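As they're listed, the protein sequences go chains R, F and V.
Terminal number for the first sequence in the working numbering: 657, no gaps in between.
Terminal number for the second sequence in the working numbering: 1064, no gaps in between.
Terminal number for the third sequence in the working numbering: 1259, no gaps in between.
Everything labelled a hint here was simulated from the structure, so no lab data went into it.
The model shown is predicted, which means the values in this text are computed figures rather than measured ones.
Any given hint could be a false lead.
[Unchecked claim] Here are the computed lysine to aspartate or glutamate pairs in the EDC-like style, where the Cα-Cα straight-line distance is at most 16 angstroms:
no.	chain 1	residue 1	chain 2	residue 2
1	R	K359	F	D739
2	F	K1011	F	E1050
3	F	K981	R	E473
4	R	K77	F	E1022
5	R	K359	F	E746
[As the list claims (entries may be wrong)] A short list of chain F residues far from chain R (calculated; beta carbon distances all over 10 angstroms):
no.	residue
6	D739
7	A770
8	A781
9	T786
10	A884
11	P912
12	T1062
Virtual Cβ for every residue (Gly too), placed ideally from N, Cα, C.
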Amino acid sequence: MAIIERPTPAAPVVVTPTETYGLLKRPVSSTGWRSWVFTIDHKKLGIMYAVTAMFFFIVGGIEALLIRLQLAAPNGKVLNADLYNQMFTMHATTMVFLFIMPMAAGFANYFLPLQIGARDVAFPRLNAFGFWSLLFGGIFLNLAWFLGGAADGGWFMYAPNSGPVFSPSNGVNFWALGLQIAGIASLTSAINLIITVLNMRAPGMSLMKMPIFTWMITVVQFLLLFAVPVITVALFLLMFQRNFGARFFDVAAGADPLLWQHLFWIFGHPEVYILILPSFGIISEVLPVFSRKPLFGYPFVVFSGAAIGFVGWGVWAHHMFASGLGPVSVAVFSVATMAIAVPTGVKIINWTLTMWGGKLWFTTAMKFAIGLIVLFTVGGLSGVTHSIAPSDTQQTDTYYIVAHFHYVLFGGSVLGIFAGFYYWWPKVFGKMLSEKLGSWNFWLMIIGLNLTFGPMHILGLQGQPRRMYQWTEARAGEGFFNLAFWNSVASIGSFILAIGILIFLINVWVTSRNPQRAPLDPWDARSLEWMTSNPPKEHNFDVIPTVHHLDEFFHRKYEEDEATHTMKQITTAEDLIAEQERNADRHIHMPSPSYWPIVLAFGLPVIAFGLIYSYLIAVVGGVIVLFAAFGWALESSTAPESDFENPNSSAELVKHD
Amino acid sequence: MRASIASVRGVLNKRCAAVVSSVGFTALFTGCASNAPQDTWQPKGPNAELIDDLQQPVFAVAGVIGLIVASAVIYTMIKYRDRGQPIPEQIHGKPALEVTLTIIPALILAVVAVFTFGAIFKLAKTDDTEMIINVTGQQWWWEYDYPVQNEFGINQPIITSGQLVMPIGTKVLLRETSRDVIHSYWIPALNGKRDAVPGRVHTLRLEADEPGIYAGQCTEFCGLSHANMRMEAVALSKEDFAKWVANQQAPYVAPAVGTLAKQGEEVFLNQCVRCHQVNGLTRADGTPAIAAPDENVWSGAAPNLSHLMTRNTFAGAMFDLLSKRCRDEVWNAPSDMVGARYLEGVTEECLNQKDLRAWLRNAPEVKPMYANPANLLVSNGKYRGMPYLALSEDDIGKLVAYLITLK
Amino acid sequence: MTDVAHGHVGGTGISNVKLGMWAFLGSECLLFGGLISTYMLYRGRVTGGPRPSQIFDIPFTSVSSFVLLMSSLTMVLAVSAAHKDDDRKTNLWLTVTALLGTTFVGGQVYEFTAFYKEGLGFSTSLFGSSFYTLTGFHGVHVTVGIIMLMSLVGILTRSSMPGKKAEVVEIVGLYWHFVDIVWIIIFTLVYLIPV
C-alpha cells in the first residue's frame, strides 16, 4: 500500500480513507483487480503497458499474416480490395502506435525510475492516466472494425484521399480521434518521464552517469514532447474537415495537399526515432552485461543519440522526394538524411567494440541484441540508399521501402524489445524465461524475419509497389526466381516468424507455471535496477543509493586488480541487498492509488464517440472529464497521514520533507 | 544457466547462416528474376541511367560495409566468447578511434552527396524539353493529353489514355496533375516516380533510347483500385510516332448503316456517351455527341475513347485489349519491329473479347470501384469509376462490334 | 527526502510541477506553431468569401488584445500576493485576471459573430477554416485558463488546496502568460501584417 514501514509489519497496514472528494472514496486495495485498475505504481503500470502492447502486437501480427496470405499468390482472394486497404492501414497504425510505442513506454515506466534510483515517477497519477488513455484510444481505434469498417487511407493518411468523399466510412474518424487520445498518453508520459529524469535522480547520478537506456528514453521523451503536438494539429485539421466541414484539404477551395504531408512527416520522422531509440537503449544495457565490459564510448553513444534526436527534425521531407518539392529542398533534405546516418553508424561501431575484448555470454537476450546489430545495419544501409534522392524516386513506395523499415523496426525495435524481455524478465516477475525455448524463439524469429523481409528488397527493386491488394503475373518477370517466387517466400517467412513469436508466448506460459524463483542477480548485471529484490518492492529501494559510477551496481560488486586490471568480485548482490534492508529508510511515503486517472481517461473516448455519432454523447464525455479533472485536482497525491494510522505500530512518525 | 545454452560453435554456425541469408538476399539473388517489366535496375533511357549510375556504387559500398560489420561481429563473437577468461579491464572507450570511425563514414557520405547533388539538379531540368505531354491522374486511370506541337505533326490536341505514346530520343516533359487524390507516375525503365498532386503541376523528364513498351504502376496509394492503376509507355521511332499522331487525328468513321456496329453506335450514344467522348461522333440528328463526365463522375473525367483500338489496354491499363498471344507478340517483338506491330492496333482476331465483355457486363465486379449507387451521398451522387450499367448481352455484343471499329 | 509524492526539489532546483508546466508549454509552442503555419499558408485563399482586410476590425481587436495584455499584469500581482501569503489580495487579483480574460473571450465571441454575419463561415474558404481554427484554439486555451483561475479562487476561499499555494498560483500564472504571449504573436501575424 501506500506507506511502508520498516521492518515490514506482520499484518498489512490498516488504511481507512478519511477524506472523500465528490462521490468517490479513495481506493485503498492492495490486492485483487482494484490494485491494478486504480494503481499508480510505475511498475504495475509498466507491466500493464507491456501487456496491452503485446495484445496489440498479436492483433497487428494477425493483420500482417492476412496481408501476406493475400499476397502469397497472384490475384489473391483472401481479402477484397476494401478490406485489404483497411488491413494495411491498421497493421501499421497498430504496430507503430499501439505496439512499439506502448511497449517502449512499458519498459521506460518500469525501468527508468529504477535505473535512476527513484521510488516512482514525478507524476504517478498522470502516469496512470497516460496508460488508460492509451488503452482506451487503442480500443477506440479498433472499434471501427465493427462499426462500418476501419480506416482505409494508410497510416500516413495522405490528403485528400482521407477526405469524406474518398473515405466515406467512419473509419478515418475513429482513426483520427483514437490517435488523438493515444497522443495524449504520449504527451503526458513524455512530460512525466522528462521531469522524473531531470529532478529525481539518486544523489551522485550526474547526467553522464545515467544508464544508457534511461538516456535513450529521455531523448525519446523530448522527441515526443515536440512531435506529438504537430500530429495533433494535423489530426485536428483532418477531423475538422471530416466532421465540421472545414476546407483544409479541399483542393477545390485552393488547399495544398502537401500541407498534410509536411505536418505528418514533421511528426513522422521523429516518430521513427521514437520507435528505434528505446531498443538502442535496451541493447546498450544488454551488450555490456553479457560482454562483462562497460559500453564502449558511452559519451559517443549518448551524444549520437541526442544528435539523432536533433537531426531527426531536419529530415522529414525525405519521405517526400517524389512529392514534387523542387530540387533545392530535395538536395537539402537528401544531405540531412545522409548526415543522420553518421551518428547511427557510431552506435553500431560502439556496440561492436563493446563486445571486443569482452567475455561474451550468449544468452537469449544477448543473441537478440547481436541480432539487432546485424539486422539493423542492413536496414540502416538500405536507408542510406534512400538518402540518394534520385535513387529514392525509384525505390519509394515500393517493397524495397517495406523491406527497409521492417529491417529497422523488426530487426531493430522488435529484436531490442525481445532482448529486453529476456534480460529483465527475472527482474519483473522473479522467474527466468527458459533459455532453451528462448533459443527456438530467437532462431525462428531471425529466420522468419529474413525470409519475410529479405525478399522484399528484391520485390521492390524489381518494381513491385506497396499497398497493392493484388499483384499480377504480367509484371512478375520470368525465370524461377521471379517476383511470384519471392512473394511466396515472404509469405512462408511470415508464418515462421509468427511461430517464433508463438514460442515466446509459450515460454511465458511455461515460465509462469514453473515454481522455481530466479536468482537475485542472474546476469551479474551492472545498473541500479538490479540492486533491488526480484520483483522490486513497491518502494523500489530500501535505501536510495548514492551513485559514484556509471554501472554503479557492478562497481559495488567488483574491484579492479591492480596488477592485471581485470576485475575481481568483492561482494554479491545478495549481500548488497541484505545490507540495504538492514539500513532501510523508515516511513516511506508512496503516492496513493486513485480513481481519477481511469475516470478521466474514460471520458475521452466518450467525447470522441460523441463527435462521430451524437454531440449529446460528447457532452456526457465532457462532463465526465470535467468531473474527474476537479476530483483529481482536489485530491492530494498521497493520502493524508491519518489514513495510515496503524494502531499496533509504535513507529515514530517523522515526516521527511 | 550457462550450460543450458547451445554450444558457442553451434550458435556461430547458425549465426553465419542468418547473416549470409540476410546480406545474401540483397547481394546474390537480386539479378535472379529475369525480365521483370518494372525492374529499377534495367534503365532504358538517359534519366533512369543517370539514377542507376548514381545508385550502383552506393549499393556496392553499402553491401561491402554490411559485410564488414557482419564479419566484425562474427569475428568478435568467436574471439571473445567466454572461455573462462577473467572479467576484463573496464575500458570506457578510445576517443581517437571513435572519432576516426565517425569521420570515415562522414567522408564517404560527403562524396556521395556531391554526386547526388549533380543528379538532383540534372533530373529537375526543364529548359531542354523537346516535347510536352500533360498527364492527369484520377481514380484509377491516367489521361494523356498532347498539346498542339506542330513540329511533331500534332495540329490539334490528342487526348488518350492507358498508354503513353512517345517518340524515342526525344526529351519529353510530362506535366502531371490529378483530378482527385494524389497519384504517382512511374515508368521505372525511364525515370523515377513523381507524384501527381491535385492543384499542383509537377514535371517529370522521360526519354527512351529504344522503341519498346515500358511498364509502370501508380505508386501513391489512391484508394480501392490503386493496385489496378497501371501504365505503359510506348516508345516509337520518330517515323512511327508521326504515323501514330496522324492516325489519332484522323476523322471519325461511322459504321456502315445496317451493321451490328451501327447498332452498337446507338447503344453507345444512349449509354456510354454520358461519360465517354468519341471525337466526331454525332447523334442521329447530326449534332455532335458531347460527353459530360463532370455530371456523373467525381473526378469529372472518363477516358476519351476515340481511336480506342489503337491502344492495347483499357480500364486504366488493368486489362489488355489484345489477346494474350497478340500481346506477347507486341511485347516480345525485336526493338525495330515494335513500332510496326504496335501500329497495327487491335484487329478483330486479336481482340480480348472475354475481358472487354466482362467489363461491359459489370465493371465494378472486375475492378473494385466505389460504384455502389447506395453509397453516393457524400459525393453528390457522382460515381468514382464506371458503374454497373445493366446492359443486356445483346447490347454488349453490339457495343463490342462498335468499339472494334474505333481504329 | 523519501517522500516522492510531493513535488520535491531535485536535480534542477525547480519543483516537479513547475518544470512539468514548462515542458507542457514547450509542447504547446509546436501546437500553435502548426496552427499558425497553417493559417499563414492559407490566409490569402478566400475562394469568393471575404478577404481578411475586408472584415478585420483592427481597433476593436486592439482593445481586446490590450485587455488580455493587462490581465498578464494582474496575474503578476496575484502571484506576488500569493508569495506574500495574502489570500485576500491573491483572490482579488485572480478574479480580476479571470474577468479580463472573460472580457477577451467575450470580444472574440462578438468578433466571430460579426465575421459570420459578414459572410465568413467556417466552411467558406481556407481563410475562414484556418482563421477560426487558430483563434478558436487560442480562445479555448484562454477559457481553460479562466476555469483554472476561478477554481483557484474557489479553492483558496475554502483553503483546502493541496500543496503549496503560492506555487500553484505561479504555475497557473505561467500558463496564463504563455497564452498571452501566443496572442501577441497571433495578433501580429493575423491582424497586423497585411496579406
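A quick look at each hint next to the structure:
Using a Cα cut-off of 16 angstroms, the hinted pair R/K359 and F/D739 holds, with the two alpha carbons roughly 5 angstroms apart. Simply put, F/K1011 and F/E1050 have alpha-carbon atoms about 13 angstroms apart, close enough for the 16 angstroms limit, and the pair holds. A C-alpha spacing of about 12 angstroms is found between F/K981 and R/E473, which places the hinted pair at or below 16 angstroms, so the restraint holds. Proximity of R/K77 to F/E1022 is assessed by CA-CA distance (about 13 angstroms); at most 16 angstroms being required, the pair is judged to hold.
Distance hint between R/K359 and F/E746 is fulfilled; the C-alpha atoms sit about 11 angstroms from each other, no more than 16 angstroms. Some Cβ of chain R comes within 10 angstroms of the Cβ of F/D739; the nearest lies about 5 angstroms off, and the non-interface call is violated. For F/A770, the non-interface assignment is contradicted: its Cβ lies about 5 angstroms from the closest Cβ of chain R, within the 10 angstroms cut-off. At roughly 4 angstroms, the least C-beta separation between F/A781 and chain R is not larger than 10 angstroms, which violates its mark as non-interface.
Against chain R, the non-interface label of F/T786 holds: every CB pair exceeds 10 angstroms, the least being about 16 angstroms. Distance check for F/A884 against chain R: the nearest CB is about 3 angstroms away, which does not clear 10 angstroms, and the non-interface claim fails. Annotated as non-interface, F/P912 keeps its C-beta farther than 10 angstroms from every C-beta of chain R; the closest such distance is 32 angstroms. For F/T1062, the condition that its CB be more than 10 angstroms from all CB atoms of chain R holds, with the nearest at approximately 27 angstroms.
Figure legend: structure checked against the earlier numbered hints; hints not met, in rising order: 6, 7, 8, 10.
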